[in-house]
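J.: Residue numbers (our numbering), protein chains in the order written: chain A, 1 to 112; chain B, 1 to 114.
No wet-lab data here; the hints were simulated from the structure. Just so it is clear, CB atoms sit at the ideal spot from N, CA and C, and this is done for glycine as well. Treat each hint with caution, since some may be false.
Claimed, not checked - Facing chain B, according to a computed beta carbon distance under 10 Å, are these residues of chain A, among others:
no., residue
1, Gln6
2, Ser33
3, Pro61
4, Arg73
5, Gln101
6, Gly104
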Amino acid sequence: KAGVTQTPRYLIKTRGQQVTLSCSPISGHRSVSWYQQTPGQGLQFLFEYFSETQRNKGNFPGRFSGRQFSNSRSEMNVSTLELGDSALYLCASSRQGSNIQYFGAGTRLSVL
Amino acid sequence: DQQVKQNSPSLSVQEGRISILNCDYTNSMFDYFLWYKKYPAEGPTFLISISSIKDKYEDGRFTVFLNKSAKHLSLHIVPSQPGDSAVYFCAAANSGGSNYKLTFGKGTLLTVNP
């Protein structure tokens, strides 16, 4: 069974631009969560989607948004990029009713 | 407000000895706890988990202990191997709530020396 796939693996953007990251969950997993990992803050929860609905959102500004498609694939978007948005963005999927989340390898975003 | 804390940023042990990684939490609503291992340039990998109805769960070389009264859990690795060298994250969830998220500690870098 294929794992969680995130694309692209690396991105370099400049301040003010926007970016879209993609995540394909494990087959059969309908919940997709996004996390931001930075050296000082660890993994911070961004949002979670289930059946195309956002069920929970972390404490991030509105520049961070996401969506989920009918095939459970998910995208997250960051608009008006800031230097502080440089981080590893991780996507995780889980089965309905399970607390165990399985992570992709992440997208490393660098904002210059 | 950091609800899950891993107070040791790093830990170094000799191969074959026991590694003990600690984690404390403050939110009484957490009732499910997980440990993840992360190598550089990879995503976190699920290692082991425990429900609050148990105080110990063992899986091979890995054992997780949960002390609910102290709001403390620990991961024991016996015997430690060089391939165990990685960052270990503790995470917690409220399985009965509607949060649908994991709250992570900041991680402990484990180095197992040959």
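J.: Confirm or reject each hint.
T.: Verification of the hints:
Because the closest C-beta pair between Gln6(A) and chain B is about 8 Å apart, less than 10 Å, the hint holds. Because the beta carbon of Ser33(A) sits about 6 Å from the nearest beta carbon in chain B, less than 10 Å, this interface hint is met. Checking Pro61(A) against chain B by beta carbon gives a least distance of about 18 Å; that is not within 10 Å, so the hint is violated. Residue-level restraint check for Arg73(A) is violated (minimum Cβ-Cβ distance to chain B is 17 Å; threshold 10 Å).
Hint status for Gln101(A) relative to chain B: holds, with the closest Cβ pair at about 6 Å, below 10 Å. Below 10 Å, beta-carbon pairs count as interface contacts, and Gly104(A) has one with chain B at about 5 Å; its hint therefore holds.
Consistency with the previously given hints fails for numbers 3, 4, ordered from lowest to highest.
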